[in-house]
Structures are given as structure tokens and as C-alpha cells.
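Enquirer: Spelled out, the chains give:
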Amino acid sequence: MTKPIDPELLEAMAQHRTSRRRFLGMGGIALGGLAMGPTLLAACSSDSSSSGGGSSDGITVLNWPLYIEGDEPSTSATLKGFTSSTGIKVDYRNSIDGNESFNTKYQATLEKGQGIGADLIVLTSWNAAAYIGANLVQPFDSAAFPNKKNVISRLANPSWDPGRANSIPWAVGQTGLAYWPDKVGGKITDVNAIFDPKFKGKVTILDEMRDTVGLTMLGMGANPATGTTAQMLAAVDKIEKARDAGQFKKVTGNSYTEDLAIGDTWIAVAWSGDVAQLQADNPGLEWVIPSQGGMLWVDNAMIPVGAKNPEGANKLLNYVYDPAVAGPLYESIQYIPPVTGATQYMTATAQASPFIVPPATPPLYEFDVISPEAAEEVERAFVAATEQ
Amino acid sequence: MTAAAAPSRFRRPRRENDGDDSGVSARRWFTPWLLIAPGGLWLLIFFVVPLFSLGRLSLQDGGLSNYSTVISDNSTVIIRTFVYATISTLAAIIIGYPLAYVIATKGGKYKNLFLALVILPFFVTYLVRTLSWKILLFDNGPVVGILQSIGILNDNQGILGSPFAVVAALTYNFLPFMVLPIYVSLEKLDRRLLDAAADLYSSPARAFRKITLRLSLPGLFAGTLLTFIPAAGDFVNSELLGSDRTVMIGQIIEKNFGKEFFRPELSALSFMLMAMILVGVIVYARLLGTEEIA
Chain A
1 MTKPIDPELL
11 EAMAQHRTSR
21 RRFLGMGGIA
31 LGGLAMGPTL
41 LAACSSDSSS
51 SGGGSSDGIT
61 VLNWPLYIEG
71 DEPSTSATLK
81 GFTSSTGIKV
91 DYRNSIDGNE
101 SFNTKYQATL
111 EKGQGIGADL
121 IVLTSWNAAA
131 YIGANLVQPF
141 DSAAFPNKKN
151 VISRLANPSW
161 DPGRANSIPW
171 AVGQTGLAYW
181 PDKVGGKITD
191 VNAIFDPKFK
201 GKVTILDEMR
211 DTVGLTMLGM
221 GANPATGTTA
231 QMLAAVDKIE
241 KARDAGQFKK
251 VTGNSYTEDL
261 AIGDTWIAVA
271 WSGDVAQLQA
281 DNPGLEWVIP
291 SQGGMLWVDN
301 AMIPVGAKNP
311 EGANKLLNYV
321 YDPAVAGPLY
331 ESIQYIPPVT
341 GATQYMTATA
351 QASPFIVPPA
361 TPPLYEFDVI
371 SPEAAEEVER
381 AFVAATEQ
Chain B
1 MTAAAAPSRF
11 RRPRRENDGD
21 DSGVSARRWF
31 TPWLLIAPGG
41 LWLLIFFVVP
51 LFSLGRLSLQ
61 DGGLSNYSTV
71 ISDNSTVIIR
81 TFVYATISTL
91 AAIIIGYPLA
101 YVIATKGGKY
111 KNLFLALVIL
121 PFFVTYLVRT
131 LSWKILLFDN
141 GPVVGILQSI
151 GILNDNQGIL
161 GSPFAVVAAL
171 TYNFLPFMVL
181 PIYVSLEKLD
191 RRLLDAAADL
201 YSSPARAFRK
211 ITLRLSLPGL
221 FAGTLLTFIP
231 AAGDFVNSEL
241 LGSDRTVMIG
251 QIIEKNFGKE
261 FFRPELSALS
271 FMLMAMILVG
281 VIVYARLLGT
291 EEIA
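Order-wise, the sequence lines are chains A and B.
End of the first sequence sits at 388 in UniProt numbering; the numbers just go up one at a time, nothing left out.
End of the second sequence sits at 294 in UniProt numbering; the numbers just go up one at a time, nothing left out.
Derived by calculation from the structure, the hints in this document are not laboratory data.
Just so you know, not all the hints are guaranteed correct.
[What the hints assert, rightly or not] Here are the simulated DSS-like pairs of lysine-lysine, each with C-alpha atoms no more than 30 Å apart in a straight line:
| # | chain 1 | residue 1 | chain 2 | residue 2 |
| --- | --- | --- | --- | --- |
| 1 | A | K315 | A | K149 |
| 2 | A | K149 | A | K80 |
| 3 | A | K112 | B | K259 |
| 4 | A | K183 | A | K308 |
| 5 | A | K80 | A | K308 |
| 6 | B | K259 | A | K241 |
| 7 | A | K238 | B | K188 |
| 8 | A | K198 | A | K187 |
| 9 | A | K308 | B | K259 |
| 10 | A | K149 | A | K183 |
| 11 | A | K198 | A | K148 |
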């Protein structure tokens, strides 16, 4: 009468997949912290600085989940190798669950020029640009970080940080489409499939403005890396109309993976790292960078002001930017290595993976680092279009 | 309703003392304050101060216009939130009252077992409880399959993403908060009153209405507050089981509070939510006449 639940599915659901932004709830922590006002915020963060990262012979790294082998610092080959070759201990915490929650927690303290108990932080380009602009981070020391020259050329010279003086990519991921070919009836190559009425109610889009608006712009023939605010707003408008027509099952953050895993979602705007993991359990699931192109996002490592051991942080980045170290690291975490030559140190399987070595075409675009005013305008329109 | 009862109990001894307060020992005056101090301090630091800070934040940038902006921008979401919270509270009463009644009056030696069963789901995390609904209710799953085969749902209709899923999950998640206070008030009900009513030729239905129901109103009131308030502020159920058409106020706040430019407006929205709940509770208390009962 009814289909029994697939045990693999149960497992997939039971397994809590934490991806770039840690799931729900964590926002609540940010909320609570903010409500207490700057004074208490400062108190909280000075507390964290005394509790960790204090000793000058070690370094403290705040990073996103799944950005180190096995998501487990104690067994990470990269960190172990770094400590044994330099003697510097690494207190690595995979505690960053979102740019906005990070800002809520730490920005006020950094603005006062105080340390946050971290020697290295990792933020997405648009946010990293703001930190650099506000002098909340300090430049690298080229003597301790000579391998900086190994950064891949397309990411070597962003407009917001010429010559990568203050920031260096830690992880580079893609936003594309994940879909079930058996449900949509074949292959999908056009990004506008997410707006196709045939799939009404079976599509999820991400609540991250830059991902969803960027892909929509590509479908409209605009370039998200150079587009105008008007083009971005036109894309938001298109999203709003589709939402009003019931096109989307959900506009969501990380929880899209659950609906996708159980097959309730047919097509999802998805992050490459999530799909790499989902495919391990769901071989039928397809990943595609649409013919018009996909989105690229970059999380950048920076040394915040007030860091106790900037020297050690430079050395860690230098170690990671050694292609022989980067190869196995990025093979393990399944993101595009930002280090020239790293792929040579990967297995053939990894070299063939579209998550690690995306083909040259279709192209990938990084969403333009627009002015805070423009970002606010588009964000507001996006929230109104997708939530209110 | 201890909360409502407490002030009146405080007032009474003080009124007695009013006549000769020169004779009141310092300790007698001091003790209640000492007892209040830990809770009061806690509330001051973790409730009043953040609330004040939130209020100040809500007036930044746009000032009072933040309030009108959030109301007009989120009117659909606000109405939806209160409709969902109201329906799930009513559903919790309809399900919870008979349950509490049966446990309290017919539970016998199994009372504690039944109560434990009511609380049992709470041994599982809120998130996992809600996530497990997804396994039950997904489009290709058993529940939807059965409902489709007996014709309640169309072949391409599902449950997940619908308002029904969200309201049902809200009801489920807050049901114990309804059952327990009602149970407590029914448990301590003096059965002899019902015997007396019967002796005076009252029908059981009338006795229930005049005695049982009236005396359990404080429990019902407490249960309603404990269900309605968290339901109105909830952001998990709709995020996990709903769709972009079931967005609740809590979700808007949770998703956007990190965006700096949104904070003043969202603080205003939080205040609006609180004010609206407060008004709702006061109206409800009036309708129920709870002050007299407590």
C-alpha cells in the first residue's frame, strides 16, 4: 500500500548536515547577544579573548564548519603537519556560522581596536571588503607568508583588496543547481529551469541574496560580477513574481538539503559543498553549473586587529598555501583550491571532480562587491520578495 | 495561577501591618525582598536591560517610523503568525483538556505514568522532534501515501509546506505546556463539590460547567499563555515544515537580525510582537475573568 521508508533516506535525514551556515538556532545566539547592547557584548568578547588564544606561542583560528579535514581539528593532517613543522599550536574552532552572525558577535569589539581572541578569521568577500575598508584587519607579512604568490590568478587581485595585501582565499565554492533527473525528466542546463512552471512548487531557492539573485541575473543575461543595481532589482522582481505564482517550495538556508535529499524538492539552488556530500548518499542526484554560468563565492582568511600572534597566523597561511599541503586539504573538504598547483597533489578522482576542479565553461561569477547602500537596497527588496 | 495570586498574598499581610507599622520588625519587612532578590536581579540583568537596549535600538535610524514601516511591510506575516498561534492554542485546548481531565480523574495509580508519557517527547530535542515530522510527512512518505490512497489528498498534494503542517507541529510541540497546568488545577479539585452538585440534582454536564470548568480556569489560562506565547514567537516549525507561504514573525527576525541595517526595524517588530501578545493576554484574561478566580 505505501512505500516503506528507505533506510538510506532515514540515515540521510538523521545525519545532521551542517554546511556553510550552521543551521537555525545559532541565529538565536546572535540575537541574544545583540539585545544586550554593546557593553555586554564587549564583556562577552573580552571574556573569550582571555579564555583562548592568549599564549603567544599558539594561534587561534575561527573558521567555518567543514573547512578542515573531517571537520576535526585534532586529527586534521594540515594542522598536525603545521604544528610539527613550526612548533606552533593551533586552537582551531569551526565556529563561524554566518557572516552576519559573526559581525553581530565581533564587529563592535574590533571597531574599538580590541582583540577578539583570534589570530585568523575567515569571511566571505563582500564582508571581508567591509572589514578591510574599516581597518579591522592587518596586512600580511610577506616575509612570513612568501607562498602568498601561489594564489590562483583569478583571485589574486580583487578591487577591494589589491594584491591581496590583507586577505587570502581559504575556501572557494560554487552555487549552481542540484536536481533529480528522474523527477524533472532529463538533464537540466538552463538556469531558468528554476522559473519553469513545469516544476511549480518543486523548486527551492537560497535565502542568500547574492546566490539566488546572481543566478537569476545570469538567466536574464546580466553579469552578476559587474551588474547594475537596476539589474539586481529586476532579478529580485522576477523572483517575487515567481514566488507569488507559487513557483517555489521554499526560500531557505541550509535546510534545503533535507527536502532535496528526500526528493520532495526536484530542483534546488545549491552550494557545491552540500551537493558533494549529498551525492555520496544519493547517487542519482545531479549537480550542474547552468550554461549561462554559476556563482562563485570566496571565504577569505584575514588577521584581525588585536591578534596576539599575527606571525603565527602568517605562517599557517604560508603552510596551507604550499601546493603539496593544499592538494590533500582541498581534496578532503571538496572545495576549489585557491592555491596554484594544488591539484597536482590530488588523486585522479579529485582532479575529475566538478566540485574541486570545475570545468572552464560554463563560467563562474563572483557577485560584485557593491556599496553598502546598494547592498542594503537589494537586500531589502530581496527580503520583501521572498519572506514578507 | 501563582503569578496572579502572588501579589494579593503579599498585599494581605502588609495591609494588616499598616495599622502599626512602627512595630514591624525590620526582618519581617526585609524577608520578602530578600526572597525576590535573586529572581529580580536575574530579570533585571537578563530581561530588563536587554529589553531597554532593544527598545533603544528600535528607535534608531527611522525613530518611531520604524514601527509603522515594519507593520506595513509585514502585515501579512503578522496576521498569519497570530492566526497560526491562535489555532494551535485552540487545538491544544481541544486535545489537552480532555487528556488532562482523564488523567486527573480516571488515571488512578497510572497517573504518573500518563503524565510521564505526556512529557516523554520532551526528552528528545525540539529540533529533532520537528525534523522527525519531516520523515513522516514527506511527499513520498507513508502518511501522504495513505491520505492520497483514501482520497483525502490529491495525488500531487502534500502536507509539508502547508499551513496545516506548521499549525499541527506548533500544537504538538507545545501541547504538554497546555496539559500540565490544566492537570494540576483538575488534580486539586475537590471531588466533594461534584458529589454535592449531584446531591442537589445537578446534571453532570451542568456540574462540569459550573464547577470543574470554572475551577480549572486558572490552569487553562496558564496553559493558554504557555502555548500561545511561544507559538507566536516560534521560528522553527515554519522553517522546517512550512514554505515561503507560511513565514512567521520569528523567522523574519531570525533570518534578518544579522543584517545591520535591518536591526532597528526588527527590534521594533520584536516590540510589536510583545505588545500584541500582551494585549491579547489582557483581553483574554478579561474574557475569562481570571482575576476573580485566582
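Enquirer: Next, verify each hint and record whether it holds.
Expert: Status of the hints after comparison with the structure:
{"no.": "1", "hint": "A/K315 - A/K149", "result": "holds, 14 Å"}
{"no.": "2", "hint": "A/K149 - A/K80", "result": "holds, 24 Å"}
{"no.": "3", "hint": "A/K112 - B/K259", "result": "holds, 20 Å"}
{"no.": "4", "hint": "A/K183 - A/K308", "result": "violated, 54 Å"}
{"no.": "5", "hint": "A/K80 - A/K308", "result": "holds, 21 Å"}
{"no.": "6", "hint": "B/K259 - A/K241", "result": "holds, 24 Å"}
{"no.": "7", "hint": "A/K238 - B/K188", "result": "violated, 60 Å"}
{"no.": "8", "hint": "A/K198 - A/K187", "result": "holds, 14 Å"}
{"no.": "9", "hint": "A/K308 - B/K259", "result": "holds, 29 Å"}
{"no.": "10", "hint": "A/K149 - A/K183", "result": "violated, 46 Å"}
{"no.": "11", "hint": "A/K198 - A/K148", "result": "violated, 48 Å"}
When the structure is compared with the earlier hints, violations turn up for hints 4, 7, 10, 11 and for no others.
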